[in-house]
Amino acid sequence: MTDIELHERQEQLNAILSSMAEGLIAIDNERKVILMNQAAGILLRTAPQEAAGQDIRQILTVYRDGQELAYSDLPVEKAIAERDIISIGLLDNLSVKAKNGRLFPMAMTIAPLLAKGEVSGAIILFRDITKDREVDRAKTEFVSLASHQLKTPLSAINWYSEMVLEEEVGPLNDKQKEYLKNLYDANRRMVELVNSLLNVSRIDLGVFAVEPVPTNFPSVADEVLVELKPRIELKKLRLEKEYGQAMPDVNADPKLVRIIFQNLLSNAVKYTAPNGVIGLAVKKEGQNILIRVTDTGYGIPAADQGKIFTKLFRADNIRDKEAEGTGLGLYIVKAVVEAAGGRIWFDSLEGRGSSFFITLPLAGMTKKAGVKGLT
Amino acid sequence: MNKILLVEDDKFLSTALDDKLTREGFTVIKALNGQEAITKIRSQQPDLILLDIIMPQKNGFEVLAEIKLDETFKHIPVIVLSNLGQEADIKKAQDLGAVDYIVKSDVEMKIVVEKIKAELAKAKPR
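Top to bottom, those sequences are chains A and B. Positions 217 to 591 (this note's numbering) are the ones given, in order, by the first sequence. Positions 48 to 173 (this note's numbering) are the ones given, in order, by the second sequence.
In short, the hints are calculated from the structure, not lab data. Since we're looking at a predicted model, the values are computed, not measured. Fair warning: there could be bad hints in the mix.
[To be verified] Here are the simulated PhoX-like cross-link-like pairs (lysine-lysine), alpha carbons at most 20 Å apart as the crow flies: (1) 157(B) / 584(A); (2) 77(B) / 162(B); (3) 138(B) / 471(A); (4) 77(B) / 471(A); (5) 452(A) / 537(A); (6) 397(A) / 157(B); (7) 157(B) / 393(A); (8) 471(A) / 584(A); (9) 77(B) / 583(A); (10) 139(B) / 584(A).
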């Protein structure tokens, strides 16, 4: 290549970089900026020439929920260490602060920069997703509104089928009773689904409230078990219960505690074959309250284990066995536990069963004013 | 015979409750919106009011506030029957003087009847 050709080639590459709509920053192994395109400059309100040679930590400050993220939490290091491409999207809820103080939600892809088989830095590609965020919010608000509107006709179906089923307007034959009972049960499930959708939209909009009062965890668990009793008996499941002695009341939102027990226990009942065993333990462990729900059920296939807390996800092995699940329960539980400063994890072996563990600080939940409570 | 004012704008729900309560031996008066509710409270003097919240022309909260300000009618027990199930809504209704709060989609009709009877029994000795 002649010098002129080389120069033309250079011009061409510059044109490509500066015409890109997405921000691009390349860094070297010292985490210093070696290149920043115009779009990145505009997004970050930093002139590309000015950024060159600066530490990436000075250029790109990332926030989650208003808190600045430590650089080590940013996947740049991970991408370099693991030679892996990492994508951050809408659901990761990250924002970038531009030099002028403007915070914008962003999506990001980080790839290791490879030269002759060696990692020599990383390439960070990012864009402003304010519009995507708005669309997502509108969708969530729509789900919330639609769910609410559904409740009136669902109440009507509930009430009319209840009256007919109770034979208030004349006797029914057995088949009619059976069909009507199915109609009634299906409608109850729909009400539960609508309630779950409303909860999910409140979580996604970040508007759910936490109202802590002294709460006795074993009592809440027992209330849930009373409701589940008919299903436990129908499947002839054995229940093993273990409550720690003198469990103190914990300052927690009883509705949220109930959501935790309700989802974990009804999952255990739902996903365990007849004659199986389900276990519930609630005890103190150090500075935490530990909840453990075990079952000898269908278990979660290894391939699905990374996804079970994802919204609407249902494992392959139970979709044909149990038609009832919505894929929302564990998503809701995880959001509730994490909002309360706790942790959730599980062990599972397909065909053998699952154990779910939750720890919540004995210090209790922090009050969070929100527009909506979960139901 | 106890007279119940049923304030509900949804026709299907209103008919269901009307039929059920009539079979239970109550006299049912219906109002389809908040304004009509106020008029009927004045003209019919019910023993108990079942009150929806989201309604055209004056919502349930406004109706409740108005009843409780009126010396002649403020003793009438009001049970709110709504699909708004939020803590804040329930608290608002209680603060305004409702004796009970029922979330329609979560409750069987027989529970609604039980609650009405319980409130009437409490109100009786007056």
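#### Entry: Violations among the numbered hints, reported as their numbers in ascending order
The structure conflicts with hints 1, 4 and 9, although it agrees with all the remaining ones.
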